[in-house]
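Just so it is clear: in the sequence shown, position 196 is 196 by this note's numbering, and no numbers are missing.
Keep in mind that a hint or two might mislead.
[What the hints assert, rightly or not] Derived BS3-like pairs (lysine-lysine); straight-line CA-CA distance at most 25 Å:
{"no.": "1", "residue 1": "Lys78", "residue 2": "Lys63"}
{"no.": "2", "residue 1": "Lys77", "residue 2": "Lys41"}
{"no.": "3", "residue 1": "Lys103", "residue 2": "Lys135"}
{"no.": "4", "residue 1": "Lys77", "residue 2": "Lys63"}
{"no.": "5", "residue 1": "Lys78", "residue 2": "Lys41"}
{"no.": "6", "residue 1": "Lys103", "residue 2": "Lys63"}
It is worth saying that the hints were derived from the structure and are not from the lab.
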Amino acid sequence: MKTQNLINLVKATTLSLGIFFASCSNESVDDIPEETGESTKLVNKYFKGDLIQVEDLGNGTLKWGDILFDEAQLSDKKIQFDALAAPNQGIDAKLGLASRVRKWSNNTIVYILDNSLSSRQREVTFDAMDEWINKTNIRFKERTNESSYVTIRNSGRNCNCASASLGVQGSRGTINMGVRTGIGVMTHEIGHTLGYLHEQNRSDRDQFVDIFPENIQDGAISQFRVDNNSVNPGRFDVASIMIYSSFTFSKNGQPVMLEKDGSRIPFRSTLSAGDIAGTNQLYPSDTGGGDTCEGVDEWVSGQQYNVGDRVTYQGFLYERDFSGWNRILECDTPVIEDICEGISEWSRNGSYSVGDQVTYQGFLYELQSNRRWSNLGRCGN
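All chains should be modelled from the sequences, with the hints used to inform the complete structure.
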């Protein structure tokens with residue numbers, strides 16, 4: 001998230017709202033995350049066209065620092081992403097739904113509190129939620145029968161650390177809390193669940209901070225990569241909740257990142273002004289229009305769109321997400337039933353034929369003759 005950067009870095013498929021926070025981010029600057037690399041098996045994957053090193057957890061989940069990817073969000077080969085593509089562009093079937101990072105519908109994170117959580121962890125969770133609720137348009141709802149939700153669990157690790165799924169991941173979304181996880185760390189992890197990466201990954205970061213690769217732990221260097229696919233014309237936000245401290249992932253007690261004037265970057269525990277403005281840009285308040293095409297402009301070829309922008313295209317209403325367009329509904333057609341009723345969830349191991357339909361992270365897809373999935377609209381409530 002970010003100051004005015006976050007607002008703009010939201011542009012088109014920009015996930016680069018954030019920064020990386022280590023797999024064991026700590027609120028104390030003197031508390032250094034444990035080593036990564038020697039005992040951790042890392043594999044190379046592509047995310048948004050760039051190569052990163054992730055830990056394969058063996059259950060369809062891949063871990064990059066404190067970010068948890070569904071394996072369908074990554075790919076084994078480089079995919080060129082076209083930020084200006086028309087709304088009806090499909091997704092390559094043989095690559096699953098690679099690189100898709102989704103917002104939460106209706107500005108609302110749906111969650112389950114696992115029985116493993118201690119009373120303290122529950123209190124920290126609600127305090128972190130309040131930070132977002134009191135300052136942004138984000139809301140939270142305990143799950144009843146929603147198909148997409150995040151489960152908040154106790155990882156059992158005796159640390160002020162946590163990890164979180166990136167964006168909506170259907171029923172697979174997770175936030176894993178350490179025994180000593182504090183409010184700042186939990187607020188940061190909710191940022192990942194909203195779809196935000198880390199601030200130091202922004203393509204303009206070298207104008208504001210210096211990175212010291214010689215001090216970074218083995219296996220963690222890819223967490224400081226520059227995301228060249230993002231459009232972030234705004235100002236870099238060194239105060240963002242999503243930024244690393246100067247010592248996150250240090251291997252020798254020396255800083256891994258400093259401001260240009262040599263100042264240390266402390267751990268952040270509250271949302272910055274940029275975080276607030278950026279979140280409200282990405283998750284705008286309801287303007288009263290609801291799910292309707294009325295008053296929504298037609299998509300314009302070559303125009304840059306921000307996350308959350310809506311357009312009409314070939315008779316349908318679309319909304320811009322972090323990495324593509326989501327079809328919301330057909331214009332002038334009232335939604336009276338759940339289009340996903342009776343349709344099975346997409347499976348990474350499934351074999352599909354042209355015309356097959358699946359649900360994925362709250363949307364209905366159909367496999368086209370060109371072997372690409374077409375988004376047919378959002379599932380009903």
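Against the structure, the hints:
no. : hint             : verdict
1   : Lys78 to Lys63   : holds, 19 Å
2   : Lys77 to Lys41   : holds, 19 Å
3   : Lys103 to Lys135 : holds, 18 Å
4   : Lys77 to Lys63   : holds, 18 Å
5   : Lys78 to Lys41   : holds, 21 Å
6   : Lys103 to Lys63  : holds, 20 Å
The structure meets every hint from the earlier list without exception.
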